[in-house]
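What follows is the residue order along each chain.
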Amino acid sequence: MSSLSTPTEPSRWSRVWNSNIGYSFRRNPVAIVSLMIFLLIAIMSIFAPLIAPFDPYDLGQIDIMNSEYPPLWVDGSDAQFILGTDDQGRDLWSTILYGTRLSLLIGICAVVLQAFLGISIGLIAGYVGGRTDSLLMRLADIQLSFSTLMVAIIFLAVTQAMFGSETFNQYAIYFLIAVIGVAEWPQYARTVRATVLAEKKKEYVDSARVLGFGPGRIMVRHILPNSLSPIFVISTVQVANAIISEASLSFLGLGMPPSQPSLGSLISSGFDYIFSGSWWITAIPGIVLVVLVLVINLLGDWLRDALNPKLYKG
Amino acid sequence: MNKFIRIAAAGMMSLTFGAVAQADVTVKVAYDADPVSLDPHEQLSGGTLQFSHMSFDPLVRWTQDLQFEPRLAESWEQIDATTTRFHLRSGVKFHSGNVMTATDVDWTFDRLKESPDFKGIFSLFTDVKVIDDHTFDLITSEPYPLVLHTVTYIFPMDSKFYSGTTDDGKDRSELVKHGDSFASRNVSGTGPFVVSEREQGVKMVFDRFDGYWDTETAGNVDQIILTPIKESPTRVAALLSGDVDFIAPVPPTDLARVDENDSTDLITMPGTRIITFQMNQERVEALKDVRVRQAIDYAVNNAGIVDRIMRGFGTVGAQASPAGYLGHNPELAPRFDVEKAKALMAEAGYADGFEITMMAPNNRYVNDDKIAQAVASMLAKINIKVDLQTMPKAQYWPAFDERAADMMMIGWHSDTEDSANFHQFLSHCADAETGNGQYNSGNFCNAEADMLMAKANAETDSGKRAEMLQQMETILYNEAAFIPLHWQNLAWGARKGVHADKIVNALNFPYFGDLVVD
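Listed in order, the protein sequences are those of chains C and G.
Going by full-length UniProt numbering, the first sequence opens with residue 1, and the numbers climb by one from there.
Going by full-length UniProt numbering, the second sequence opens with residue 1, and the numbers climb by one from there.
It is possible that part of the hints are untrue.
Unchecked claim - The following label-pair restraints were derived from C-beta to C-beta distances:
(1) C:Met36 - G:Gln200: 53 to 59 Å
(2) G:Asp207 - C:Pro53: 55 to 61 Å
(3) C:Leu144 - G:Ala237: 35 to 41 Å
(4) C:Leu50 - G:Lys385: 24 to 30 Å
(5) C:Ile153 - G:Thr234: 18 to 24 Å
(6) G:Thr234 - C:Tyr57: 26 to 32 Å
(7) G:Asp337 - C:Met162: 38 to 44 Å
(8) G:Thr234 - C:Arg217: 45 to 51 Å
(9) G:Glu199 - C:Leu144: 32 to 38 Å
(10) C:Pro53 - G:Lys340: 24 to 30 Å
(11) G:Glu69 - C:Ile153: 47 to 53 Å
(12) C:Asn308 - G:Asp307: 58 to 64 Å
(13) G:Thr234 - C:Asn308: 41 to 47 Å
(14) C:Val33 - G:Ala237: 52 to 58 Å
FYI, nobody ran anything at the bench for these hints, they're computed from the structure.
Think of the CB as a built atom: it goes at the ideal place given N, C-alpha and C, for glycine as much as any other residue.
The task is simple: from the sequences and hints, build the whole structure.
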């Protein structure tokens with residue numbers, strides 16, 4: 001009969017659902033709506049090739065005669081193009097789907113790169129301390145004193161000149177991930193180092209050391225899991241930042257080439273027409289970009305509040 | 001008391017400044033780009049010639065209705081079949097103070113014959129013979145019907161100013177393409193404006209030349225500030241907000257806004273500048289095949305480009321010569337048929353297509369970068385994959401001279417207002433010696449067309465000439481020597497009160513010396 005008395009193991013999902021975070025999420029309508037919008041945008045952009053009626057990267061499908069059709073609800077539109085077309089005759093709806101996919105991909109990959117660099121450097125600096133710490137943190141200071149955009153503009157302009165724009169356009173997405181990833185690692189490194197400094201004084205670290213674990217194992221398996229909550233919060237903010245950086249660089253002509261528009265280059269290509277009537281080429285991708293960044297930031301805000309023990313309301 | 005004096009002083013100051021501002025008429029001009037060099041012989045381009053009309057004067061110039069107007073040459077007469085005698089105006093001074101004589105014309109002519117860009121125009125001219133200070137004979141190798149047309153390109157340079165050596169021992173008259181030379185940084189001409197400040201790509205300031213010979217002109221502008229504004233919407237916004245007084249070009253998307261605005265005037269004219277793409281046969285084997293070149297021509301929807309990108313502000317072209325030119329052949333129709341293009345590609349053995357590179361400027365012609373993008377996507381339909389690069393003209397022309405891409409864009413306005421000039425520069429067999437084919441980046445070469453051009457240039461009977469030139473255009477059309485897109489219309493925007501409509505012309509050389517501002 002003893003088997004009956006053991007409570008059934010709750011499923012992973014119900015554990016998350018009943019946790020503090022789950023509770024706070026259920027009580028926060030802003031977070032619910034933000035997450036829903038974010039998931040909607042993310043899913044649609046991931047399945048862009050299935051949803052989009054056209055392939056905007058296939059130049060063969062573009063016809064100049066279709067250029068500058070307005071969205072459906074404006075007079076003079078064409079039923080084929082729900083959100084209208086851009087100056088070259090690309091379907092805006094398909095281009096936005098593909099462009100959002102690129103923006104999200106660049107944003108998330110750049111943040112993964114940032115997190116990898118920042119967390120490794122922060123862990124080492126905080127755990128080893130001493131000269132290594134000073135050296136790494138001074139490097140972070142130097143990096144922080146240059147604004148991300150400036151570093152990115154210089155780096156991209158130089159690579160564009162070095163490789164020629166043919167090669168650059170081919171690998172633009174990797175260059176963007178690399179430059180946005182490398183330029184922002186100190187954000188992570190500083191936060192991680194601060195939590196590591198607080199954590200490494202605790203007894204469980206001492207006991208792990210007494211048990212004979214090496215520093216690598218202690219850092220990764222013991223300290224890191226206990227420093228995760230601030231990392232989550234920064235990550236959401238950083239994804240939003242990276243998307244904005246990518247859009248700015250593409251707007252300036254240093255990002256994705258015109259034949260493979262991301263949200264930023266789409267906004268930039270419509271800029272010539274904004275005063276002459278064809279506002280939708282700039283406005284619609286602009287709205288998508290703003291909404292995307294806004295919901296990510298709102299989610300980040302909620303996560304910060306939920307994970308902050310000082311604001312913990314039970 | 002002290003306070004009163006200060007207020008009075010401030011009042012006086014503003015009065016004097018006000019008076020100065022009234023006496024000085026400053027016109028702020030915004031172009032899409034500023035001249036690449038101050039040397040009038042370095043590059044044969046619209047930008048250089050626009051600048052030449054500001055700081056130099058030609059012997060003869062075109063009026064708005066395309067007649068000849070005497071400038072530095074007061075009169076001329078034909079002495080025999082190959083000699084024309086010109087009489088120069090007396091009392092004309094250069095900016096340096098030197099007096100202009102026939103020797104300066106002779107010196108300028110010799111320099112033109114040296115210029116890789118200009119010598120083509122002067123290939124049939126053999127010599128300038130100085131008779132006296134104000135008379136010279138211009139001699140051609142054979143009877144040439146376009147003597148006066150060509151003389152509009154002689155802007156006498158100050159031979160004393162440009163002779164000798166600079167401080168670091170370089171020849172002052174040196175002519176360097178895309179390089180640093182004395183003439184590319186210093187200028188002394190007879191023109192109405194002196195260059196008083198120049199920061200390339202940022203700003204150029206021109207001040208009225210005190211000793212300008214043409215005192216009869218109504219022009220009352222004392223200073224011109226030329227600022228390049230590459231972005232078309234920004235340029236239009238600058239005019240509409242009153243930051244600048246005159247802009248060119250006005251992009252087709254903004255014509256209505258400039259026209260409808262109460263404080264600005266729009267001036268438009270049908271243009272004669274043909275926009276083309278050249279296909280480099282030396283870089284790509286496939287382009288040697290006439291069927292592939294025709295297929296590209298069939299794939300490019302030039303009517304669509306005019307309709308959509310140019311918003312109807314241009315004329316669809318099938319040849320280089322616009323209607324009204326001797327060589328214009330009305331039977332040549334624009335080619336557009338994607339199925340035919342695919343069939344031609346298959347016939348030539350390129351059904352699977354190939355990859356090419358393409359370059360185009362992004363601040364030279366109206367909507368040049370957008371046209372190039374559209375052409376790239378049109379070629380994708382016949383499986384030609386295009387790697388497109390667009391760049392500002394300061395980088396584009398050096399790349400063009402290197403023939404750096406497989407397809408390159410070039411627009412051409414006939415220097416002589418005659419059909420032969422298009423062929424001579426754009427599609428003649430390239431010859432560095434004569435300067436023929438100087439802008440033929442496609443390396444197209446057809447002996448028959450060249451022969452027809454040479455014959456036409458020695459023919460003074462205009463009926464026979466027209467026949468030869470039309471035949472030449474037909475050969476170029478059948479051979480698909482280049483991809484003709486359209487003749488670009490011209491548009492300028494000016495603040496009301498700036499009487500720009502009187503100084504512009506179909507050649508797009510505004511005569512700022514004659515500009516009247518209320």
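Self-check item: Verdict for G:Glu69, C:Ile153 (Cβ pair) under range 47 to 53 Å
Solution: Holds - the Cβ-Cβ distance for G:Glu69 and C:Ile153, about 50 Å, lies within 47 to 53 Å.
Quiz item: Does the Cβ-Cβ separation between C:Val33 and G:Ala237 fall within 52 to 58 Å?
Solution: violated (38 Å)
Quiz item: Quick one: are C:Leu144 and G:Ala237 within 35 to 41 Å, going by C-beta?
Solution: Given a distance of about 36 Å, which is inside 35 to 41 Å, the answer is holds.
Practice problem: Using the Cβ atoms, figure out if C:Ile153 sits within 18 to 24 Å of G:Thr234. | Solution: For G:Thr234 against C:Ile153, whose Cβ atoms are near 20 Å apart, the range 18 to 24 Å holds.
Quiz item: Are G:Glu199 and C:Leu144 spaced within 32 to 38 Å by their CB atoms?
Solution: holds (34 Å)
Self-check item: C:Leu50 versus G:Lys385 beta-carbon gap, inside 24 to 30 Å or not
Solution: holds (25 Å)
Exercise. Using the Cβ atoms, figure out if G:Asp337 sits within 38 to 44 Å of C:Met162.
Key: Between G:Asp337 and C:Met162, where Cβ atoms are some 42 Å apart, the hint holds.
Practice problem: Starting from the range 41 to 47 Å, see whether the pair G:Thr234 and C:Asn308 falls in it by beta-carbon distance. | Solution: The hinted range 41 to 47 Å holds for G:Thr234 and C:Asn308, with Cβ atoms some 46 Å apart.
Quiz item: Do the Cβ positions of G:Thr234 and C:Arg217 conform to the proposed distance bound of 45 to 51 Å?
Solution: Roughly 59 Å apart at Cβ, these two residues miss the hinted range, so it is violated.
Exercise. Mind checking the hinted window 26 to 32 Å against the Cβ distance between G:Thr234 and C:Tyr57?
Key: holds (29 Å)
Quiz item: In this structure, is the beta-carbon distance linking C:Met36 and G:Gln200 contained in 53 to 59 Å?
Solution: holds (54 Å)
Quiz prompt | Pairwise beta carbon distance, C:Asn308 to G:Asp307, judged against the given window 58 to 64 Å | solution = Holds - the Cβ-Cβ distance for C:Asn308 and G:Asp307, about 60 Å, lies within 58 to 64 Å.
Violated hints for the displayed structure, listed by number in ascending order: 8 and 14.
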